[in-house]
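Peer 1: Here are the chains, one letter per residue:
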Amino acid sequence: MATTEDYVFVREGEEPILAPPPGEVGAIGWLRANLFSSTTNAILTILGILFLVWIVPPLVKWAFIDAVWTGEGREDCIVEGTGACWAFVEAKFAQFMYGRYPIAERWRVDLTAILLVAGLVPMAIPQVPFKRENGFYLLAAFPIAALILLTGGDFEFPWSIVGFLVIAGALATGFVAGAMTEAPAARIATVAVAAGVVLAIASLAMPDVRVPLGGRSLSASTLVVGLCAAVALVAGAVAILATPGRPGSGLLWPVWAGIAAAAAVLAVLSTDFGLSYVETQLWGGLLVTLVVAIVGMVTSLPAGVFLALGRRSKLPVVRFCSIVFIEFWRGVPLITVLFMASVMLPVFLPPGVNFDKLMRALIGVALFTSAYMAETVRGGLQAIPRGQYEGAQALGLTYWQMMRMIVLPQALKIVIPGIVNSFISLFKDTSLVLIIGLFDLLGIVQLNFADSNWASSKTPATGYVFAGFVFWLFCFGMSRYSMYVERRLDTGHRH
Amino acid sequence: MAVHEGVTGHPARGSRASLIYDPKVRGIVFQAVLAVVLIGFFAWIATNTIENLRRANIASGFGFFSERAGFDVSQSLIPYTLEMSYGRAFLVGLLNTLLVAALGIVLSSIIGFLVGIGRLSKNWLIGRMATVYVETLRNIPVLLQLLFWYKAVLSVLPGPRQGYTLPFASSLSNRGLIVPRPVFETGFGVTVIAVVVAVVAVIGLAQWARRRQMATGQRLHALRYGLAILIGVPLLTFLISGSPLSFEYPELKGFNFVGGIAIKPEFLALLAGLTFYTATYIAEIVRAGILAISHGQTEAAYAVGLRPGTTLRLIIIPQAMRVIIPPLTSQYLNLTKNSSLAVAIGYPDLVSVFSGTVLNQTGQAVEVIFITMLVYLSISLATSAFMNWFNRRVALVER
Numbered sequence: 001m002a003t004t005e006d007y008v009f010v011r012e013g014e015e016p017i018l019a020p021p022p023g024e025v026g027a028i029g030w031l032r033a034n035l036f037s038s039t040t041n042a043i044l045t046i047l048g049i050l051f052l053v054w055i056v057p058p059l060v061k062w063a064f065i066d067a068v069w070t071g072e073g074r075e076d077c078i079v080e081g082t083g084a085c086w087a088f089v090e091a092k093f094a095q096f097m098y099g100r101y102p103i104a105e106r107w108r109v110d111l112t113a114i115l116l117v118a119g120l121v122p123m124a125i126p127q128v129p130f131k132r133e134n135g136f137y138l139l140a141a142f143p144i145a146a147l148i149l150l151t152g153g154d155f156e157f158p159w160s161i162v163g164f165l166v167i168a169g170a171l172a173t174g175f176v177a178g179a180m181t182e183a184p185a186a187r188i189a190t191v192a193v194a195a196g197v198v199l200a201i202a203s204l205a206m207p208d209v210r211v212p213l214g215g216r217s218l219s220a221s222t223l224v225v226g227l228c229a230a231v232a233l234v235a236g237a238v239a240i241l242a243t244p245g246r247p248g249s250g251l252l253w254p255v256w257a258g259i260a261a262a263a264a265v266l267a268v269l270s271t272d273f274g275l276s277y278v279e280t281q282l283w284g285g286l287l288v289t290l291v292v293a294i295v296g297m298v299t300s301l302p303a304g305v306f307l308a309l310g311r312r313s314k315l316p317v318v319r320f321c322s323i324v325f326i327e328f329w330r331g332v333p334l335i336t337v338l339f340m341a342s343v344m345l346p347v348f349l350p351p352g353v354n355f356d357k358l359m360r361a362l363i364g365v366a367l368f369t370s371a372y373m374a375e376t377v378r379g380g381l382q383a384i385p386r387g388q389y390e391g392a393q394a395l396g397l398t399y400w401q402m403m404r405m406i407v408l409p410q411a412l413k414i415v416i417p418g419i420v421n422s423f424i425s426l427f428k429d430t431s432l433v434l435i436i437g438l439f440d441l442l443g444i445v446q447l448n449f450a451d452s453n454w455a456s457s458k459t460p461a462t463g464y465v466f467a468g469f470v471f472w473l474f475c476f477g478m479s480r481y482s483m484y485v486e487r488r489l490d491t492g493h494r495h
Numbered sequence: 496m497a498v499h500e501g502v503t504g505h506p507a508r509g510s511r512a513s514l515i516y517d518p519k520v521r522g523i524v525f526q527a528v529l530a531v532v533l534i535g536f537f538a539w540i541a542t543n544t545i546e547n548l549r550r551a552n553i554a555s556g557f558g559f560f561s562e563r564a565g566f567d568v569s570q571s572l573i574p575y576t577l578e579m580s581y582g583r584a585f586l587v588g589l590l591n592t593l594l595v596a597a598l599g600i601v602l603s604s605i606i607g608f609l610v611g612i613g614r615l616s617k618n619w620l621i622g623r624m625a626t627v628y629v630e631t632l633r634n635i636p637v638l639l640q641l642l643f644w645y646k647a648v649l650s651v652l653p654g655p656r657q658g659y660t661l662p663f664a665s666s667l668s669n670r671g672l673i674v675p676r677p678v679f680e681t682g683f684g685v686t687v688i689a690v691v692v693a694v695v696a697v698i699g700l701a702q703w704a705r706r707r708q709m710a711t712g713q714r715l716h717a718l719r720y721g722l723a724i725l726i727g728v729p730l731l732t733f734l735i736s737g738s739p740l741s742f743e744y745p746e747l748k749g750f751n752f753v754g755g756i757a758i759k760p761e762f763l764a765l766l767a768g769l770t771f772y773t774a775t776y777i778a779e780i781v782r783a784g785i786l787a788i789s790h791g792q793t794e795a796a797y798a799v800g801l802r803p804g805t806t807l808r809l810i811i812i813p814q815a816m817r818v819i820i821p822p823l824t825s826q827y828l829n830l831t832k833n834s835s836l837a838v839a840i841g842y843p844d845l846v847s848v849f850s851g852t853v854l855n856q857t858g859q860a861v862e863v864i865f866i867t868m869l870v871y872l873s874i875s876l877a878t879s880a881f882m883n884w885f886n887r888r889v890a891l892v893e894r
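Protein chains in written order, with the working numbering: chain A, 1 to 495; chain B, 496 to 894.
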């Protein structure tokens, strides 16, 4: 008799897993899933392949296989059947980078570039500490250093600017002391301020009388106003220091810090470092592209923040002015702005005052970009919930404290991708300066097409591809970096 | 606030100090200072300008508009000779700007939508090709692209004799694109009227079909009938009225073409550059718009039994358009503003004709630049007014 053991099958282990059908995995599976999943897709794939076959081999042939890599002049490039004339780029490379900057002085441009990279790289890597100091270096120290290195420094400033600033600071000190303290000295300060302001206004209508003073002459009105300011400063300082709690010192120290900083910057800029003067006419190539782009970025960011705050301000005059400024510059093409800067700016200034061409372009670009930056920043400000503003006000913060410590850090964080996008547009837009006769990278490449040693039908394509590649490298790099920051800062506030 | 001061015990401190801390007073003082500074600044600019213009002996005012222009314009939509006025030249430039902007907007929208949808395609190859296109051309300045098309592509094409022959007796050479010129004979007006009638009929049909579907649930393939009417009616009219349209074909005589319409290389380069550049931005806008619609919408549509095509048409696209249209409009505006780069390649647009030639001839920089900016500014402001209206209309009403 058969026992159950004889015919009952008891499974003791798992069956081996069967391999998936050959059409679902590997190269064929991938092809079926990604290229031939339906009839439409198959047709699209075939059309795409045909298009690539039509366009890629000739491009590769032109750019690499048939290209002329070395050569002395156009004779090497006009040979029938050759492709890109890279020898042209090789021969002109230094010009494409520096323009006509004197060869002996080009180390200064290199040094500026090194200083820039030294500031940018740690700024761009989130893990590196000292971001505040780094930002100060990039926004304040580096621009001054670059200005001195590139132009040669040793600027001549009328030192009366500092004198006027000091007088204004002294009058402000006297005014604040008079308004905020009850000390007897405050009365003297108030009287001195009033006298100083009245005299200053009156002197505008009076003939200029010069008074000899220690070798040079000084205008009599300046002297009198200066004396009033000195009295106001001393009396005001005494009044504030004598009152407990020193009221007003919180208002005054930024004023004096600003004056000191301005004087220090002027002193540095007018120091002779022994560098020879290189006029901006000689600058060109990537140097000009980067100068225009970086000056635009450095000026447009703070200007944009102030304009955005102005547009959201409760003060009607401030809001109105901000809106008009923003909408005007955003409504017109950059090329008309540059035309205006190059043609109309000299008309707007007093006769005899003149900026050089680069400076005019920089002013135009800065005005134009600030308007776009303002709209980007405003987007961030609008994204901050009302509770943040109300919380800050409930803590008793002033407007600027609230903006500086609560709102702007959050708002700017949100709009970093937008800011980088504005920077990318600005970088591309720098190429427009060639229309008003500056030689940026694109301008100098174009200029060299006319060089009789290299002029051929292949030179333009080669030069444009090279310039396009350089622009692409910068813009693509920036956009990738912005995507990286966006992912990093994405704190999951999405739904 | 005498009571308050009495309570806190600082009766003497104050009235003057509180003035400085009063936000209202501060606000008024600050705004007054700003207003005075700005007015002073503009007054300073105005005095300088008047002084400079007087010194340079430049006339002011807008009288130059009616003076004889005396220069030729290479492309004009309206009759123009060098005997005509600066005002006419201004109009020619403005029309040329609008022409290239309108064509560029249409073409870049078509390419942009195709590429944007292509980037989202499940087809790997199409997705990659679209990505490469967008990431390359978007990161290269549009001015460089214009110059590339003009100087590196169109200018180095062979001459008219060796040019590329295209269908419909057209040809592409370094003289530009030569196409046959349509000649409208008498009686063509009937066909035009037929087109108008067909369009009106199709709109009426669509509305009727929609109302019927709402009332009875029965669907009518309005698209099919509509297309039939739209093509059939004008075609029939055209044939019945004896085909009153012929073409003047370009002929090669000597070294150039005679007859036909020559589309100048400047125009082609500008159009190609603007179109391919703006299309990359439109593609990104379309992609972002479609991605912004949450996947739940698609799943819900499938759950109620809609097919993928219908889902796209009835569920995804209407919602995506709400996201797409505002940035799309600003791209159209950018394209219009970028068309001013025509000055770099010599296409006679507004900036090139007016801020270029007219400015050089009259020397009236202030007026000329002011008018040019005003034109672009009014286009921009009109567009943004439209955008605000549109946003209010389609905005989701929450809470």
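None of these hints come from the bench; they were simulated from the model. In this text, a Cβ means the ideal position worked out from N, Cα and C, and glycines have one as well. One thing to keep in mind: the hints can contain errors.
[What the hints assert, rightly or not] Listed next, the stretches of chain B that the computed footprint assigns to chain A, with coverage defined by at least 3 CB atoms under 8 Å from CB atoms of chain A: (1) 539-551; (2) 635-646; (3) 727-736.
[Unchecked claim] Simulated crosslink set (DSBU-like; lysine-lysine; CA at most 35 Å straight-line): (4) Lys357(A) to Lys92(A); (5) Lys759(B) to Lys314(A); (6) Lys61(A) to Lys131(A); (7) Lys759(B) to Lys61(A); (8) Lys92(A) to Lys646(B); (9) Lys314(A) to Lys357(A); (10) Lys646(B) to Lys519(B); (11) Lys61(A) to Lys646(B); (12) Lys617(B) to Lys357(A); (13) Lys759(B) to Lys646(B); (14) Lys617(B) to Lys413(A); (15) Lys759(B) to Lys748(B); (16) Lys357(A) to Lys61(A); (17) Lys92(A) to Lys759(B); (18) Lys519(B) to Lys413(A); (19) Lys61(A) to Lys314(A); (20) Lys61(A) to Lys519(B); (21) Lys759(B) to Lys357(A).
Peer 1: Hint by hint, note whether the structure agrees.
Peer 2: For each hint, the structure was consulted:
no.	hint	in the structure
1	539-551	holds (count 7)
2	635-646	holds (count 9)
3	727-736	violated (count 0)
4	Lys357(A) to Lys92(A)	24 Å, holds
5	Lys759(B) to Lys314(A)	53 Å, violated
6	Lys61(A) to Lys131(A)	47 Å, violated
7	Lys759(B) to Lys61(A)	30 Å, holds
8	Lys92(A) to Lys646(B)	19 Å, holds
9	Lys314(A) to Lys357(A)	39 Å, violated
10	Lys646(B) to Lys519(B)	61 Å, violated
11	Lys61(A) to Lys646(B)	21 Å, holds
12	Lys617(B) to Lys357(A)	52 Å, violated
13	Lys759(B) to Lys646(B)	13 Å, holds
14	Lys617(B) to Lys413(A)	34 Å, holds
15	Lys759(B) to Lys748(B)	18 Å, holds
16	Lys357(A) to Lys61(A)	42 Å, violated
17	Lys92(A) to Lys759(B)	32 Å, holds
18	Lys519(B) to Lys413(A)	31 Å, holds
19	Lys61(A) to Lys314(A)	63 Å, violated
20	Lys61(A) to Lys519(B)	72 Å, violated
21	Lys759(B) to Lys357(A)	33 Å, holds
Hint compliance for this structure: hints 3, 5, 6, 9, 10, 12, 16, 19 and 20 are broken, all remaining hints hold.
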